[in-house]
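Engineer: Residue numbers (our numbering), protein chains in the order written: chain A, 1 to 201; chain B, 1001 to 1201; chain C, 2001 to 2307.
What the hints contain is simulated information worked out from the structure, not anything from laboratory work.
We treat Cβ as the ideally placed atom computed from N, Cα and C, and that holds for glycine.
Hints may contain errors.
Claimed, not checked - In silico lysine-lysine, DSS-like type, Cα no more than 27 Å apart, as pairs:
{"hint": "1", "chain 1": "B", "residue 1": "Lys-1036", "chain 2": "A", "residue 2": "Lys-32"}
{"hint": "2", "chain 1": "A", "residue 1": "Lys-84", "chain 2": "B", "residue 2": "Lys-1032"}
{"hint": "3", "chain 1": "B", "residue 1": "Lys-1036", "chain 2": "A", "residue 2": "Lys-84"}
{"hint": "4", "chain 1": "C", "residue 1": "Lys-2269", "chain 2": "B", "residue 2": "Lys-1036"}
{"hint": "5", "chain 1": "B", "residue 1": "Lys-1128", "chain 2": "C", "residue 2": "Lys-2148"}
What the hints assert, rightly or not - Partial pick of chain A residues on the chain B-facing surface, computed with a CB cut under 8 Å:
{"hint": "6", "residue": "Leu-21"}
{"hint": "7", "residue": "Ala-35"}
{"hint": "8", "residue": "Pro-76"}
{"hint": "9", "residue": "Tyr-106"}
{"hint": "10", "residue": "Ser-167"}
{"hint": "11", "residue": "Leu-169"}
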Amino acid sequence: MTDNPSVAANAATLAGIIECLLFVAGEPLTAKELAKTTETDEVAVHVAVRLLRDRYAESGLQVVEIARGYQMATRPEFASAVAKLLAPHANRLSRPALETVTIIAYRQPCTQAEVEAIRGVASDGVLKTLTEREMIVEAGRRQTPGRPILYSTTDHFLHYFGLSELSDLPLLDEDEMEAREIAAANDDAAAHTALVAAGVE
Amino acid sequence: MTDNPSVAANAATLAGIIECLLFVAGEPLTAKELAKTTETDEVAVHVAVRLLRDRYAESGLQVVEIARGYQMATRPEFASAVAKLLAPHANRLSRPALETVTIIAYRQPCTQAEVEAIRGVASDGVLKTLTEREMIVEAGRRQTPGRPILYSTTDHFLHYFGLSELSDLPLLDEDEMEAREIAAANDDAAAHTALVAAGVE
Amino acid sequence: MPPAAVPDAATALPSSVPPGKKRSSSEPFAALPPLRLHAFEGPLDLLLHLVRAGRMDIFDLPIATLCDQYIAHLDALGSVDLSVAGEFLVMAATLLEIKSRLLLPVPPRDDADPDQDGSSLDLTDPRAELVQRLLEYGKYQAIAEGLKLREADRKNVFFRDPMDARLASGFALPPKFGELSADDLLRTLERMLASVGAGEKAITSVRRQKITLRMKMREVAFHARQAGQDGVSLSVLVPNAPFALIEVVLLFLALLELLKSGSVLVAQKAFCGDIRIFFVPEFERAMVAEGEIESGTEGIEEAEAED
């Protein structure tokens, strides 16, 4: 196909257009949205994005796949220079918030009671914080007595953690997790040191 | 100088950093600001920007010199695709707004009464819109009865029309100016043409 | 493999103590540095810490040791703040209950099941539920740790704001001497209403009032004209307490109407400073016909009447 010079030229033009779109959008654009705006199809979009990525290989910028779409971003190696220009960004998530959002991400939609059963502590404050930071959102109510609110994670959650899809989260095979847990308990004290450090912060 | 590989490498790195900075800034950055953030000097910045521009020659984006600084922007040939994406938000200047901002640009600082005398219609709504869009700004009051507000154009105006300085406005001598303004008030296309010429993309 | 670095509390844990050795909670580990409970997310977090630090086998939890260590940590706190430590105390009770049940005779094992070899969980074990909870919580803690790394990575990548958002908000200017936006007036009204302590309910009585918008407009214009070049302060126009809310609302509407017609200008020299209203003489006004003001006003009054 790419032997045809006009097709190659078209792909290059499409890459240029997509470059512009990603630049101005400032938020992830799905292949579908890109195809619609450029009046092509998703296959052509994927080809063009690959072309774009190759071209950006030497650049300070990159095209990342994030929160169900493509987005232009700076490369991590230039982070310190960029951080210098920009005002300090929002605080990182606290350990309680991290734990809570993790539980919700894997069990969504889930209730406050479920979160609290796993964490063993009251979690209403954390849920409020996560909602305010748009990491989680109320997703209806469970049809059980008391009709408790169900929570699920947002696209902003995906974006915040640089995930493309929920399926990018590490797979939670029960047995595997048990194995990991044993490993964590017996072999990896260092990891726990990190955890304690995080908790002490 | 560029024979030294480390210098060339440094220039490439600096270009990457500047690329990131221009990308995230979203507003023009002066060579001085860039030099300060990257802890280099303006000469190095100019060299890096030139390198960047060469690299962007094939790209859908470009580095433009605008409103006394550098800024990343899309190339004009992709404008229609970008417009399509932004269509829901597109908010072009209306003809009255264009006329009004033209008058203010050339006569600044000037009052609403002066604008209305030239345009022959009430212009308070237009002035409000232009102020909201930060094309014009109140610049004190004329010390005459009623102390009318004086308006002048903003850096945003320069940016909107792709001008680097106010002096980049096409020069008109006073008599010709009057004539053109009258023409502008009467002829739909004239003011627009003049500004498109001034906007020179 | 020896641990690279051990958390402070763990260093003092007597891992040489054989599991199950009786230890009175009234003689806590002397060398134990006080554990700060707030460093732990909750009782499960503390338990997981003890299990890991003590290198306990989670599938054959030495419950007596764990229980003693746990209670020792609570004791080390001295006076216990119930609001903080309530959950920790509940867990202590649970541990004690499990410990006591373990003292009871164990029912004979079903040897036909080859899986019951200690590496997997016996659900008849009194420890089973606790172990399940620890496993589950530990699992999420491990993933949360992974997400934390992702968060750090992601923080090194920067995006740009959407184009339109930048145009809308990127260049906000501070208030200047000159005309204020309707928003500023609205905010002023809100401030005034707040200081009066009025709720929304009181505004429902609009139609009953004898004061009309046009009356208020005349009043404001009169005061502004009287004040001349220096303008009149808004605080002068605000009615003195006690007053009907409608008066404040009408003052606000009158100002908006007069501004719209170009009859007055409103200015504020400093942020949150005094707001002054200037009368604009006829000849300085925009080409807004006098009739337009009247008809506009009447329109509003008609709307009120129709309500």
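Engineer: If any of the earlier hints don't hold here, list their numbers in rising order.
Structural biologist: Violated hints (numbers, rising): 1, 4, 5, 7, 8, 9, 10 and 11; every other hint is consistent with the structure.
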